[in-house]
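Asks: Protein sequences appear in the order of chains S and D.
When you line the first sequence up against the working numbering, it's residues 140 to 313, in that order.
When you line the second sequence up against the working numbering, it's residues 140 to 313, in that order.
Check each hint, because a few of them may be wrong.
Treat identical chains as interchangeable: a pair holds within one or across any two.
Under the rule of at most 25 Å between Cα atoms (straight-line distance), these lysine to aspartate or glutamate pairs were calculated in the DMTMM-like manner [claimed, not checked]:
(1) K271 <-> E199
(2) K283 <-> E245
(3) K288 <-> E245
(4) K141 <-> E179
(5) K283 <-> D306
(6) K272 <-> D294
(7) K141 <-> D294
(8) K283 <-> E240
(9) K283 <-> D304
(10) K288 <-> D306
(11) K271 <-> D173
(12) K283 <-> D142
(13) K288 <-> D304
(14) K271 <-> D294
(15) K271 <-> E245
(16) K272 <-> D142
(17) K272 <-> D152
(18) K271 <-> D306
(19) K271 <-> E154
No lab work stands behind these hints: they were computed from the structure.
2 protein chains.
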Amino acid sequence: MKDIQIRPATSADFEAIWAIFQSHLAAGETYPFDLDTSREAAHAYWLGAGVTTRLAVLGERVLGMYRLVPNQVGRGGHVANGSYMVGPAAQGVGVGRLLGEHSLHEARRLGYLAMQFNYVVSTNTAAVMLWKKLGFSIVGTLPKAFRHKRLGYVDAYVMYQLLQDPDHWPTADD
Amino acid sequence: MKDIQIRPATSADFEAIWAIFQSHLAAGETYPFDLDTSREAAHAYWLGAGVTTRLAVLGERVLGMYRLVPNQVGRGGHVANGSYMVGPAAQGVGVGRLLGEHSLHEARRLGYLAMQFNYVVSTNTAAVMLWKKLGFSIVGTLPKAFRHKRLGYVDAYVMYQLLQDPDHWPTADD
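All chains, full assembly: derive it from the sequences and hints.
Replies: Set out below in structure tokens:
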């Protein structure tokens, strides 16, 4: 694990990102995207304007990635939204945890006050456990909101945590 | 109330939509959009490709509107997301309820299996009460997720309801 680095993504990383993204779509167990999601849509999602994307790399090899965006515009822009994918060859060795910890650090550094996951598939127990370990709580349950490829309709969770003490949040309005 | 009609929106309605949209942004109490949201962004939100938009009209006058979109792509596309705005001159006379009822009917007609609101401002008690009356439950609470113009950071709710009996949901996968 000690040789794994986290670094910003560039357009040159797109093929590696695309391969990991495709593996998640094929599984149909973690993210809603259709298997026929276009390269253009994937590029916009991972490398579009305003998206903060970081890769976990071992030398030249991309193991996984995350993205941070504001979860809402304007009056909701103080809450970050994070998305994470780890490639099939790097599952279960702690890459998700590294990405999660890094993303929380990065979100604080960018000035976000809270962080939200809109759509954690309830049957993805490894992810749910990891997010709890990293300070997130399940703040909502969306009944049958995800059509799981093997299991059919399953619940999805909304997970959330404050990143700064609310007593010290900025109070200024527009 | 009996003379109020609900009809599809067209591009010709954009000025009326824009005026109502602007009134909500100025208030800063219901939706996250910044006051400097562009006309182009508003047009895409209300009249963009794939957006189902309906207006409540009294003769030529637009009183309010709603939009329906899939809340997620692909494996989450069976859940509708609805957004509603009523103009300042038509508040409190039941237009929101008419729009809400119509949107539920329309969502069922379009084949959605559930409906979700991602971001109901908790201090917007009229809206929260109306959605409960129309069958929605609060399924999640997002702590301090909305920066209210008068009240500062307040909670937002995730609200949800199933639109069809899950025993009869389609089971086919890709």
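Asks: Each hint should be assessed against the structure and marked as holding or not.
Replies: Evaluation of the provided hints:
1. K271 <-> E199: Neither way: K271 and E199 sit 31 Å apart in one copy and 53 Å across, limit 25 Å.
2. K283 <-> E245: Between copies, since 20 Å is at most 25 Å while 32 Å is not.
3. K288 <-> E245: Neither: 33 Å inside a chain and 27 Å across chains, both beyond 25 Å.
4. K141 <-> E179: The answer is neither: 34 Å in one copy and 47 Å across copies each exceed 25 Å.
5. K283 <-> D306: between (36 Å within a copy, 12 Å between copies)
6. K272 <-> D294: Result: close both inside a copy and across copies, 21 Å intra and 24 Å inter.
7. K141 <-> D294: neither (36 Å within a copy, 40 Å between copies)
8. K283 <-> E240: Close across copies (22 Å), not inside one copy (29 Å); limit 25 Å.
9. K283 <-> D304: Between copies only: 11 Å across chains, 34 Å inside a chain, cut-off 25 Å.
10. K288 <-> D306: Close across copies (18 Å), not inside one copy (44 Å); limit 25 Å.
11. K271 <-> D173: neither (28 Å within a copy, 32 Å between copies)
12. K283 <-> D142: neither (40 Å within a copy, 38 Å between copies)
13. K288 <-> D304: Classified as between; 20 Å across copies, 40 Å inside a copy.
14. K271 <-> D294: both (17 Å within a copy, 21 Å between copies)
15. K271 <-> E245: within (18 Å within a copy, 38 Å between copies)
16. K272 <-> D142: within (23 Å within a copy, 56 Å between copies)
17. K272 <-> D152: neither (30 Å within a copy, 50 Å between copies)
18. K271 <-> D306: within (23 Å within a copy, 32 Å between copies)
19. K271 <-> E154: The answer is neither: 31 Å in one copy and 46 Å across copies each exceed 25 Å.
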